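S.K.: Listed below are the residues making up each chain.
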Amino acid sequence: MYPLGEFTIHAERSRLPERSLDFFMNDARTFGVFPKVQFGGETGTGGGVKIFHADLAGRRKQMELGYVYSGRRRQAGQFQYHDPSLAGTRGYALLSGEFLKTHNQNSSVNASVRDDPTRVFAINQVDAAFSLGWRMHTGRLAAARPFVELETTFGWHYRNFRADLGGESSLTDQGSSAGAALLPGIGEKLGYFSWGGRLVLDNRDHRPPVQEPPHPWFGSLPGERVLNVEGMFYRIRNTAYATRGGRVSLVGTYGSGADDVRFFKAAGEVQGYLPLFNPGQVLAVRGRLERVFMFGSSFAPYADLVTLGGGKEMRGFRRGFFRGEGSLLVNVEYRYLIWDSWNAFFFWDEGQVFDRFDEVSWTAFHSTFGGGVTLRTASRLLVKFQVGYSFAEKPLIGFSFAQDF
Amino acid sequence: MIRMNPHSLWTLLFALVLYGCAGPSANRLPQWMDADMRDIPKPTPVEEFQKWDFIDHSLFYPLGTLLDLEWTALRVAGRLGVGQGKQADNLNALDEAPNSSWFTNRHFHHRMSPEAVAEGPGSSQPDTSGIWRVKSGKTVGLTPGFTIVDPLGKRYIIKFEVGQWPEMSSSAEAISTRIFHAAGYNVPQNSVIFFRPEQLTLAPDAVLRFPDGTRRPLTADDLKHILKAVDPRPDGRLRALSSAYLDGEPLGPPGFHGRRRDDPNDRVLHEHRRELRGMRVISSWLHDTDRRTANMLDLYVSGERGNRFVRHYVIDFGSTLGSNNRTPHAPHYGIDYLWDPGSMAKSLLTLGFRSRDVAVPTILPYPSIGYYDNGSFSPGGWVTSYPNAAFLWRTDRDGYWGAKIVMSFTDADIAAVVKTGRLLDPDAEAELRRLMIELRDMIGRYWFERVNPLDHFRVEGRSLVFEDLAVTGGIEERPNSRYRAALRAEDERPQGPEQVMESTSVPLDGLAPDRYYVCDLWTERPTNGWSDRTRVRFYLGKDGAGAVVGIGRED
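Note that the protein sequences, when read in sequence, are chains A and B.
Quick note: the first sequence uses my numbering, first residue 1, plus one each step.
Quick note: the second sequence uses my numbering, first residue 406, plus one each step.
Keep in mind that the hints were calculated from the coordinates and are not lab data.
Don't take each hint at face value.
As the list claims (entries may be wrong) - Chain A is nowhere near these chain B residues, computed Cβ spacing over 10 angstroms in every case:
#, residue
1, Q569
2, D745
3, L753
4, G757
What the hints assert, rightly or not - Just the calculated beta-carbon pair ranges, DEER-fashion:
#, chain 1, residue 1, chain 2, residue 2, range
5, B, P655, A, Q211, 44 to 54 angstroms
6, B, F599, A, R244, 42 to 52 angstroms
7, A, F23, B, R620, 16 to 26 angstroms
8, B, P770, A, R244, 21 to 31 angstroms
9, B, G483, A, Q105, 56 to 66 angstroms
10, B, S910, A, Q211, 52 to 62 angstroms
11, B, G488, A, L141, 44 to 54 angstroms
It should be emphasised that the depicted structure is a prediction, and the values quoted were computed from it without experimental measurement.
C-beta atoms are modelled at their ideal positions from N, C-alpha and C, and glycine is treated no differently.
Take these sequences, add in the hints, and give me the full structure.
M.R.: Here you go:
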């Protein structure tokens with residue numbers, strides 16, 4: 001018998017998976033405390049804990065707390081409290097907080113100096129926010145219907161960005177715009193408030209309800225979920241593998257605080273999904289424009305400038321490779337099914353950063369391409385493995401557990 | 406040590422003398438009984454590990470066979486057309502699986518009436534004339550249900566269907582049980598029943614079982630909870646599937662490869678048993694995609710002479726026809742494995758242009774029969790939900806063996822057996838009947854093209870008589886079929902010229918009696934030309950009668 005066989009049999013006999021969950025979660029599986037291991041990322045390799053509760057006081061309020069320790073000067077934490085339905089209405093509330101303390105060479109703030117061993121930046125930052133929002137649909141069928149969400153957010157932020165090694169002189173790398181190269185706010189401890197809003201229209205993968213059940217339930221992925229409500233069959237939208245529809249989001253945030261921090265950051269994004277020849281073949285397209293506007297002599301801290309690069313955009317470049325006051329991004333992705341819950345994809349990303357709109361040009365675009373595979377469940381992504389390549393860097397291999405496009 | 410009672414010994418001696426005097430010698434007569442029911446000590450029960458079974462058969466077993474030089478060489482030779490796969494090991498001289506603790510030759514060799522086919526292993530159902538005592542219940546798992554003891558003291562498992570697919574799995578279970586039984590396999594007595602909840606009473610020692618093995622006393626509220634999930638008929642009765650307890654001591658599943666080492670009767674590796682390899686064809690007909698180790702069961706039973714041995718059962722037919730237990734079969738079932746690296750690689754490399762048409766949404770017009778279709782059915786390529794070792798070893802001869810059993814079910818047989826599903830909608834019943842008939846014929850056409858479908862050979866009135874199963878099965882027209890016969894002596898000397906004929910009878914005039922002969926037969930169809938050869942060895946007696954003593958098939 002193979003060792004794997006012995007282990008599998010032992011696990012099955014002893015109900016190891018269930019008992020493991022019993023160890024970390026309560027019987028109702030609404031509360032859990034999990035150890036957390038992180039490889040790479042903003043703080044580098046480390047370990048921590050994740051605590052969640054999905055039904056606080058039996059009223060479906062949700063709480064999540066996470067912490068990673070990678071060293072005395074490399075730590076990160078998140079907190080989130082979510083009330084998905086304020087007093088039974090379509091309104092919701094979200095209270096969140098994050099802190100990051102790092103001087104890791106692979107962190108976003110060091111992306112521009114990673115090839116320079118004489119320079120390292122460090123940052124301590126805190127973000128706290130309270131959001132109130134409204135959703136067009138709530139309840140059982142919310143995930144089956146087109147989605148409109150309107151949200152306003154109040155926040156407080158703290159930035160302590162400094163040179164850990166090598167001084168505060170301007171950057172010379174090819175990924176930073178002229179504005180970003182000046183390292184705005186370096187050496188200062190900045191606190192500021194923000195207020196903003198967000199509008200999202202999302203009908204990805206929406207199909208009208210039907211009276212007769214199609215089989216397989218949801219076309220391309222047997223096992224996807226459907227709800228039978230009052231004789232009609234509603235398909236839960238699979239936003240991890242949308243095959244039609246699109247999503248539009250508009251976000252604006254005004255920030256203002258001490259030391260001339262004053263800016264307005266705006267972003268608009270459009271996603272579209274076009275079914276192709278065979279079931280499951282999709283052409284996915286995304287376009288995004290982001291811009292940080294200053295007022296007079298005010299500035300936006302370095303960490304709040306717009307970045308490109310990483311596993312979700314410009315995937316052949318490291319996280320934060322490009323930084324500026326504005327960015328333009330286009331992603332084109334061809335996706336196809338290789339199995340029920342597996343799909344492969346090839347992507348082509350084009351993007352550029354700029355400080356003024358008149359700097360935008362065809363020749364300023366940077367290209368990256370690659371491909372990968374994703375493993376999903378019926379309605380969400382489990383893991384994505386991808387390889388991205390650009391002419392500026394060696395191929396980048398990445399794993400991701402989330403998909404926003 | 407082989408033990409034989411004196412009565413059997415005298416019978417054998419008598420038979421030897423008899424055949425020595427007036428027929429083929431006894432040692433050349435085909436063996437129809439495998440002596441695998443000898444008295445043995447009780448083997449150790451084996452546990453069932455479903456997750457490991459999936460991993461082992463999806464990954465390690467295929468990898469192991471690939472590294473097995475014999476397997477690989479035979480597969481390559483088969484692909485190149487220069488060899489055949491390894492043939493089954495438990496065959497008699499007629500290329501048949503003898504009766505054994507696994508299998509009893511029934512419908513193909515001993516024609517059963519449609520009523521007998523529908524009767525199955527016995528129409529044993531709980532006696533509804535009195536109270537049923539509920540002994541245990543389960544509220545979780547694929548289907549809710551409980552165990553009862555009827556007024557006659559017989560124990561049954563009662564399973565319900567819940568959800569939006571009424572009748573689907575219970576009808577599939579009842580129908581497929583009967584098909585498998587008529588085919589020759591040992592199966593439990595499964596029947597669709599209707600009963601009134603008032604018939605139920607709790608036994609004092611009734612327990613409620615949980616999947617983790619724990620249990621507690623079953624209460625009236627528990628029983629109500631189980632029954633609440635079941636929609637009653639307008640007349641207040643509940644529909645359920647009853648399954649009679651099998652006699653014997655459970656020993657766990659036998660597995661589709663290897664053998665039970667502590668069972669001296671279990672001498673043939675399971676993957677080389679004809680009835681397990683050929684089962685793939687019968688399973689393909691019934692879309693029995695869940696035919697895996699967990700759905701087989703060994704029981705330590707008592708024979709008629711008090712001998713104790715292991716009998717092997719095929720169980721659990723809830724994932725057959727259009728049913729996958731609680732939901733209809735997914736359309737890709739039967740086409741690809743649940744985890745199929747080969748298909749995945751093809752999809753990956755063809756950039757998604759290898760279309761899986763089965764993924765196109767389809768309306769299911771008859772919820773009670775689920776997803777059972779012939780549009781994408783491939784008789785030779787049909788697969789279970791994950792690899793089944795015996796099915797992987799299937800050769801064309803095994804396939805032909807399974808196909809001739811499938812083709813032995815007439816339209817009337819199918820109509821009778823479909824009725825045992827007790828479907829309310831007559832249109833659904835008609836549709837299921839139509840699909841079963843069409844799929845049966847697809848199987849017949851496929852396998853009868855690969856192996857010359859001449860069978861039921863016998864020597865009668867100085868003729869060698871046979872049946873063309875494609876013609877008797879109605880998938881080929883008699884006028885379109887011709888046969889070529891070449892008679893030879895046992896030492897291969899030709900006995901006259903080759904004969905081409907339209908009848909299924911080869912005259913044996915002019916052959917000297919009391920000798921063994923060989924007859925080579927080929928079949929010609931307009932579309933396929935001449936088939937591969939079937940070689941029949943027979944003994945010709947003085948009175949023109951005789952006996953067929955061997956059949957060899959080329960594939």
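S.K.: Run every hint past the structure and note whether it holds.
M.R.: A quick look at each hint next to the structure:
1. Q569: 7 angstroms, violated
2. D745: 8 angstroms, violated
3. L753: 5 angstroms, violated
4. G757: Answer for G757(B): violated, closest chain A Cβ roughly 3 angstroms.
5. P655(B) with Q211(A): 44 to 54 angstroms: At roughly 46 angstroms between Cβ atoms, Q211(A) and P655(B) fall inside 44 to 54 angstroms, so the hint holds.
6. F599(B) with R244(A): 42 to 52 angstroms: 46 angstroms, holds
7. F23(A) with R620(B): 16 to 26 angstroms: 24 angstroms, holds
8. P770(B) with R244(A): 21 to 31 angstroms: 26 angstroms, holds
9. G483(B) with Q105(A): 56 to 66 angstroms: Taking Cβ atoms as reference, G483(B) and Q105(A) lie about 58 angstroms apart, which means the hint holds.
10. S910(B) with Q211(A): 52 to 62 angstroms: 60 angstroms, holds
11. G488(B) with L141(A): 44 to 54 angstroms: 60 angstroms, violated
Checked against the numbered hints given earlier, this structure breaks hints 1, 2, 3, 4, 11; the rest are met.
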